[in-house]
Amino acid sequence: MPTTRHHLNNARRRQARAALRTPVATDTPRDRAEPPARPRPAAPRATTPVVRDAPPPPGADTDPPRQRTPRPRPSRALVALCLLTLLLGGFAGWAHSRAEALRDTPAARDTALSDTARTSQIKGQTTKAVAALFSYDHADPEALDRAAGQWLTGPAVAEHRKLFGAIRTRAAQQKAVITTTVTDSAVERIEGDRARVLVYADQSSVSTAGDKKADDDGTYAGAMLALDLERHKGRWLVSGIDTFGR
Amino acid sequence: MERATSTPARTRRPPVTALALVLALIAGGFAGWAGWDWYDAAHDDTVAYAEQRDAALAAGEQAVQNLNTLDHRSLDRGLDLWESSTTGELHDQLVSGRDAFAEQVKTAKTVTTAKVLSGALTELDDRAGRARVMVALRVTVKAPGEASTDKDSRMLGELTRTDGHWKLSALGQAPVGGNPAN
Chain A
1 MPTTRHHLNN ARRRQARAAL RTPVATDTPR DRAEPPARPR PAAPRATTPV VRDAPPPPGA
61 DTDPPRQRTP RPRPSRALVA LCLLTLLLGG FAGWAHSRAE ALRDTPAARD TALSDTARTS
121 QIKGQTTKAV AALFSYDHAD PEALDRAAGQ WLTGPAVAEH RKLFGAIRTR AAQQKAVITT
181 TVTDSAVERI EGDRARVLVY ADQSSVSTAG DKKADDDGTY AGAMLALDLE RHKGRWLVSG
241 IDTFGR
Chain B
1 MERATSTPAR TRRPPVTALA LVLALIAGGF AGWAGWDWYD AAHDDTVAYA EQRDAALAAG
61 EQAVQNLNTL DHRSLDRGLD LWESSTTGEL HDQLVSGRDA FAEQVKTAKT VTTAKVLSGA
121 LTELDDRAGR ARVMVALRVT VKAPGEASTD KDSRMLGELT RTDGHWKLSA LGQAPVGGNP
181 AN
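As you go down the protein sequences, you meet chains A and B in turn. Letter 181 of the first sequence, counting from 1, is numbered 181 in our numbering, and no numbers are missing. Letter 67 of the second sequence, counting from 1, is numbered 67 in our numbering, and no numbers are missing.
It is worth saying that the hints were derived from the structure and are not from the lab. Each hint should be verified, as a subset may be incorrect.
To be verified - Below, in silico cross-link-like pairs of lysine-lysine (DSS-like), each with a Cα-Cα straight-line distance of 30 Å or less:
(1) B/K109 <-> A/K162
(2) A/K128 <-> B/K151
(3) B/K142 <-> B/K115
(4) B/K106 <-> A/K123
Said to hold, decoys possible - So these bits of chain A aren't anywhere near chain B, every CB distance computed over 12 Å:
(5) G93
(6) A101
(7) D145
(8) R146
(9) T153
(10) I167
(11) A172
(12) K175
(13) V177
(14) G234
Stated by the list, open to error - Quick look at which bits of chain B chain A covers, simulated, 3 or more residues with Cβ under 8 Å:
(15) 71–82
(16) 132–142
(17) 152–164
Cβ atoms here follow ideal geometry from the backbone N, Cα and C, with glycine treated the same way.
Work the whole structure out from these sequences, hints included.
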């Protein structure tokens, strides 16, 4: 029996090859001629392509017929998968760049006002820093140095000394009390650990020297300045003082 | 047994097909994530808020500068600009006082220019379309036969959004020591 089957298979293979070469002319009649030799009904396979229509019968699984299948060429599924991968990958890259572009605008990087916690923290610390840095009491001249040490960093140290040095000397002579109070402040921008704040402040100066009674009511002046701030260990320090060239 | 015919093809291709499938799935994952990320960024309230903030500040600075700029030689253009920069009560005041003010400037023959030194918003309600702005301004006035004088102004303004544009609805100087500055 196996021998017969083998011959049958060989015969079918030849037929199939012939069918491949001259598909229309030959395959139909031969195909029809075969069923009797088959152990299984051909009906279920009637719709399958001709090439596959000459399968080995059961038990002949390991037979050479499989070499008859066409050289492996990329299946439609594979091509579709590759295209899909390219499309999806392309979309991913494009969507990512769109998202980055949206987030990387100057407006989005600046969190002034939009980060309410940080904005109010900066305003609060600015108010304290300005009050400490631009006030002077002849009774406690060291307070100004402490304030400078506590609030200033970088170039602001020199800027503060230049701005307030002369005022301090005069205030010491006149035994004056200079009090600076922030009246308005607004955060211009916050970029990470850097910020810039615009400040309006009132500055009152009262001289307590005996011969200056007339000035006891003191003088008021409005000041405006912008401060650059930097965050160090959770605290905002003044790193630049801009008095707009005045 | 019936699948025997297709098995050869499968046993030969699996590595490539499976690899392609895995790659497609990975790409799909990235695409899904990036798409969501993009959607998220596009609908981020914070970004929209930040854009409104910058728009309001830019409009506020420009409007404050406009209202402190006037050349007696081109009064109409200057005053038109004043009116187009403002809305609400401030706008009404400017319109009603326009003629009298134009006369004054014509007589004084002054040229006033302004430069914004710095500006920032103190508050922004982007839903209501209201904001408050601080603008530090340097105003230069040139009168005929006199040297020009510089004066710094600490402006406080209120902005209102009308038809998508931010305009000044109030403007004044920050008071000093409880008294209005001059």
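Sort out whether B/K115 lies within 30 Å of B/K142, counting only the CA atoms.
holds, 14 Å
With d taken as the least Cβ-Cβ distance between A/V177 and chain B, does d exceed 12 Å?
holds, 15 Å
Hint consistency between B/K106 and A/K123 [alpha-carbon to alpha-carbon, up to 30 Å]
violated, 44 Å
Distance rule for A/T153, whose beta carbon must clear each one in chain B by more than 12 Å:
holds, 21 Å
Check whether three or more residues of the segment 132–142 of chain B sit with their beta carbon closer than 8 Å to a beta carbon of chain A.
holds (count 4)
Run the C-beta distances from A/D145 to all of chain B and say if the shortest one exceeds 12 Å.
Answer for A/D145: holds, closest chain B Cβ roughly 27 Å.
Would the least Cβ to Cβ distance between A/G93 and chain B come out above 12 Å?
At about 7 Å from chain B, A/G93 fails to clear the 12 Å cut-off, so the statement is violated.
Would you mind confirming whether the straight-line C-alpha gap from A/K128 to B/K151 stays at or under 30 Å?
holds, 28 Å
For A/I167, is the shortest beta carbon distance to chain B beyond 12 Å?
holds, 18 Å
Decide if the proposed pair is consistent with the structure: B/K109 and A/K162, CA atoms, cutoff 30 Å inclusive.
violated, 40 Å
Would you say A/G234 is clear of chain B, with no C-beta pair closer than or equal to 12 Å?
Holds, because the least Cβ-Cβ distance between A/G234 and chain B comes to about 22 Å, which exceeds 12 Å.
Minimum Cβ separation between A/R146 and chain B greater than 12 Å?
Label holds. Min Cβ-Cβ 27 Å, cutoff 12 Å.
Hints 1, 4, 5, 6, 15, counting from the list given before, are not met by this structure.
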